[in-house]
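Peer 1: Sequence:
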Amino acid sequence: MATNNGTVINIAGTPDAGNTYADVPWLAEQITSDRATGGNAADINGRVLDALYGDDGTVHVWTSNVANAFAIVNGSIVRGSVTTSGQMTTTVSAADQEFGELVTILPAANGNAIYYDIRLNLAAGAAGARNSYRMKLVNLAGVVYIEMYRRTNASTLIGAAATWIVGVGDKIAIRAYGNKIMMLRNNILLETYLDVSTDYHPTGGFVGVESGTAANFGFTDIYIEKSLGPAPV
0 MATNNGTVIN
10 IAGTPDAGNT
20 YADVPWLAEQ
30 ITSDRATGGN
40 AADINGRVLD
50 ALYGDDGTVH
60 VWTSNVANAF
70 AIVNGSIVRG
80 SVTTSGQMTT
90 TVSAADQEFG
100 ELVTILPAAN
110 GNAIYYDIRL
120 NLAAGAAGAR
130 NSYRMKLVNL
140 AGVVYIEMYR
150 RTNASTLIGA
160 AATWIVGVGD
170 KIAIRAYGNK
180 IMMLRNNILL
190 ETYLDVSTDY
200 HPTGGFVGVE
210 SGTAANFGFT
220 DIYIEKSLGP
230 APV
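Going by numbering that gives the first Met the number 0, 0 is the number at position 1 of the sequence shown; the sequence numbering is gapless.
These are calculated hints, taken from the structure and not from any lab test.
Here the structure is a predicted model, which means the values were calculated and not measured.
The beta carbon of each residue, even a glycine, is placed where N, CA and C say it ideally should be.
Honestly, I wouldn't trust all of these hints.
As a list, the in silico DMTMM-like pairs of lysine to aspartate or glutamate whose alpha-carbon atoms are at most 25 Å apart [to be verified]:
#, residue 1, residue 2
1, K170, D95
2, K225, D55
3, K225, D95
4, K170, D54
5, K170, E28
6, K179, D55
7, K179, D198
8, K170, D42
9, K179, D169
10, K170, D55
11, K179, D49
12, K179, D42
13, K225, D169
14, K179, D194
15, K170, D49
Computed spacing ranges between beta-carbons, pair by pair [to be verified]:
#, residue 1, residue 2, range
16, V47, A126, 21 to 27 Å
17, V60, A160, 19 to 25 Å
18, V60, A128, 40 to 46 Å
19, A108, V232, 23 to 29 Å
20, N178, A66, 36 to 42 Å
21, A160, S84, 18 to 24 Å
Using the sequences and the hints, build the whole thing.
Peer 2: Written out as structure tokens, the structure is:
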């Protein structure tokens, strides 16, 4: 156990040293999914998620605020032809969410990052302060990690820094269940953050991705679920 500004962080296992702490059995309902099928595309904006892993019967669409910031190449969502930072989002009605994907391309340069947001309060491109819980995939001196943040006007690290290494082929996810925020890699629960802060908690109805400036990235096998909690023992 560790504390961070009065909140509790539970880190499961020894970082990257034979960590076998599997996630507890978890109940969920599929909201939507996207395997980036249908051929290559220069821009993600307006794409209907293909729901090949299932959905909730609702059509979900990706909205992007920067033309050609996100593209589809060979079944992966990748950086498009522009190098400015862009956002892509879709709507989610459930407050308890899990957002996961399979990594296909890593940020190549030191400091480059891509960000995955849940409980996001604004659609891509909307004016105003953006609040969310966030999983950051970042290259630090040639090693790529995932880190967990709480974003309320500014981003605050809420988990372990530069600890959880990620490679191509890894599945990564961030989950919100009540005031518990969790991060997973390959279905292994890495850490849990208990948000007991007294200020505003992110509660928005979007999930999304922010590309970061100039960062290479690639991901596929996206899923968005409604988190129902641990399975009864």
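Peer 1: Next, verify each hint and record whether it holds.
Peer 2: Status of the hints after comparison with the structure:
At roughly 20 Å between alpha-carbon atoms, K170 and D95 fall within 25 Å of each other, so this suggested pair holds. With a C-alpha separation of about 10 Å, the suggested pair K225 and D55 falls inside the 25 Å cut-off, and the hint holds. Of the supplied pair hints, the one linking K225 and D95 holds, its CA atoms being roughly 6 Å apart against a limit of 25 Å. With a C-alpha separation of about 19 Å, the suggested pairing of K170 with D54 holds against the 25 Å cut-off.
A threshold of 25 Å between alpha carbons decides the hint, and for K170 with E28 the separation of about 18 Å falls inside it, so the pair holds. Using a Cα cut-off of 25 Å, the hinted pair K179 and D55 holds, with the two alpha carbons roughly 24 Å apart. For the given pair, K179 sits about 16 Å from D198 by alpha-carbon distance, which is consistent with the 25 Å threshold. As the CA atoms of K170 and D42 are separated by approximately 24 Å, the hinted pair is consistent with the 25 Å bound.
Distance hint between K179 and D169 is fulfilled; the C-alpha atoms sit about 23 Å from each other, no more than 25 Å. At roughly 22 Å between alpha-carbon atoms, K170 and D55 fall within 25 Å of each other, so this suggested pair holds. A distance of roughly 29 Å separates the Cα atoms of K179 and D49; the hinted pair therefore is violated under the 25 Å criterion. Simply put, K179 and D42 have alpha-carbon atoms about 34 Å apart, too far for the 25 Å limit, and the pair is violated.
Taking the CA atoms of K225 and D169, the gap is near 22 Å; set against the 25 Å cutoff, the hint holds. Simply put, K179 and D194 have alpha-carbon atoms about 6 Å apart, close enough for the 25 Å limit, and the pair holds. Distance restraint check for K170 and D49: the Cα-Cα separation of roughly 19 Å lies within the 25 Å cut-off, and the hinted pair is therefore satisfied. A beta carbon spacing of about 26 Å between V47 and A126 agrees with the range 21 to 27 Å that was offered as a hint.
Range check, V60 to A160: about 35 Å between beta-carbon atoms, so the 19 to 25 Å window is missed. Taken as a hint, the range 40 to 46 Å is violated for the pair V60 and A128, whose Cβ atoms sit roughly 24 Å apart. In this structure the hint that A108 and V232 lie 23 to 29 Å apart at CB is violated, the actual value being about 46 Å. Range check, N178 to A66: Cβ separation about 37 Å, and the 36 to 42 Å hint holds.
Distance hint for A160 and S84: a CB-CB separation of about 22 Å, consistent with the stated range 18 to 24 Å.
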